[in-house]
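For the protein sequence lines, the chains are Y and Z, in the order given.
Under this note's numbering, think of the first position of the first sequence as 19, with each following residue one higher.
Under this note's numbering, think of the first position of the second sequence as 1466, with each following residue one higher.
Treat the hints with care, as some may be off.
Unchecked claim - In the SDA-like style, the derived pairs of lysine to any residue whose C-alpha atoms are separated by at most 20 Å in a straight line are:
| no. | chain 1 | residue 1 | chain 2 | residue 2 |
| --- | --- | --- | --- | --- |
| 1 | Y | 23 | Y | 129 |
| 2 | Y | 89 | Z | 1544 |
| 3 | Z | 1545 | Z | 1506 |
| 4 | Y | 55 | Z | 1545 |
| 5 | Y | 23 | Z | 1505 |
| 6 | Z | 1544 | Z | 1565 |
| 7 | Z | 1544 | Z | 1508 |
| 8 | Y | 72 | Z | 1505 |
| 9 | Y | 86 | Z | 1565 |
| 10 | Y | 55 | Z | 1478 |
| 11 | Y | 74 | Y | 101 |
| 12 | Z | 1544 | Z | 1524 |
| 13 | Y | 55 | Y | 25 |
| 14 | Y | 23 | Z | 1576 |
| 15 | Y | 55 | Y | 71 |
| 16 | Y | 55 | Z | 1530 |
| 17 | Y | 55 | Z | 1565 |
| 18 | Y | 55 | Z | 1571 |
| 19 | Y | 86 | Y | 129 |
| 20 | Y | 74 | Z | 1507 |
| 21 | Z | 1544 | Z | 1468 |
| 22 | Z | 1545 | Z | 1468 |
| 23 | Y | 72 | Z | 1566 |
| 24 | Y | 55 | Z | 1578 |
| 25 | Y | 23 | Z | 1545 |
| 26 | Y | 89 | Y | 117 |
| 27 | Y | 55 | Z | 1544 |
| 28 | Y | 55 | Z | 1550 |
| 29 | Y | 23 | Z | 1533 |
| 30 | Z | 1545 | Z | 1507 |
| 31 | Y | 74 | Z | 1565 |
| 32 | Y | 55 | Z | 1576 |
| 33 | Y | 55 | Z | 1524 |
| 34 | Y | 55 | Y | 113 |
In short, the hints are calculated from the structure, not lab data.
Here's the letter readout for the chains.
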Amino acid sequence: DQQVKQNSPSLSVQEGRISILNCDYTNSMFDYFLWYKKYPAEGPTFLISISSIKDKNEDGRFTVFLNKSAKHLSLHIVPSQPGDSAVYFCAASAGGANNLFFGTGTRLTVIP
Amino acid sequence: SQTIHQWPATLVQPVGSPLSLECTVEGTSNPNLYWYRQAAGRGLQLLFYSVGIGQISSEVPQNLSASRPQDRQFILSSKKLLLSDSGFYLCAWSGRLAGGEQYFGPGTRLTVT
């Protein structure tokens, strides 16, 4: 059972525009959410996180939004750059557990 | 700064052969350590995690095993590989605060033929 879902396997965006990557979860016990970026044949790189006590966290061009009532989070990248082209994974954990539950990823392509 | 190493980077093994993948972490003490697998078209699946030497928790029943002989060393093993063991294996570490960020190694691409 996939507790973290990324329903869009791919997304293409023009350089300079906004990229919005979405993630839904089913476990109401999740209280910490993360986004990772992954290039081919490399390990994922931590990007940004958010605790369930917040609804927004911003770091430079990256902003994560959390809607707890909808069990939905999104990652906004503004402005998008060609170097942002990668697979983005969202992940969640519950109650300080060691397990991170990952989505299946969204491949972002930023077109120059 | 902390770094995490994995080797080998790629591996091609026949069905039924043994497996040993190694992961080491530098620049931190008493990390939590994790093994994940990413199968083709799938997300990352947690296989094992360890909160200390000799302490291994298994998340998915399979023919793989893990060991932690030293504080910053984590080994993934199998006595007999199956075709379904093919995938991209990732080691990760985190600080002692559970539920926080995990940091991944470069991964090992395993192809079982």
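Hint by hint, which ones does this structure get wrong, listed from lowest number up? Hints 1, 2, 3, 4, 6, 7, 8, 10, 11, 14, 15, 16, 19, 20, 21, 22, 24, 25, 27, 28, 29, 30, 32, 33 and 34 not satisfied by this model.
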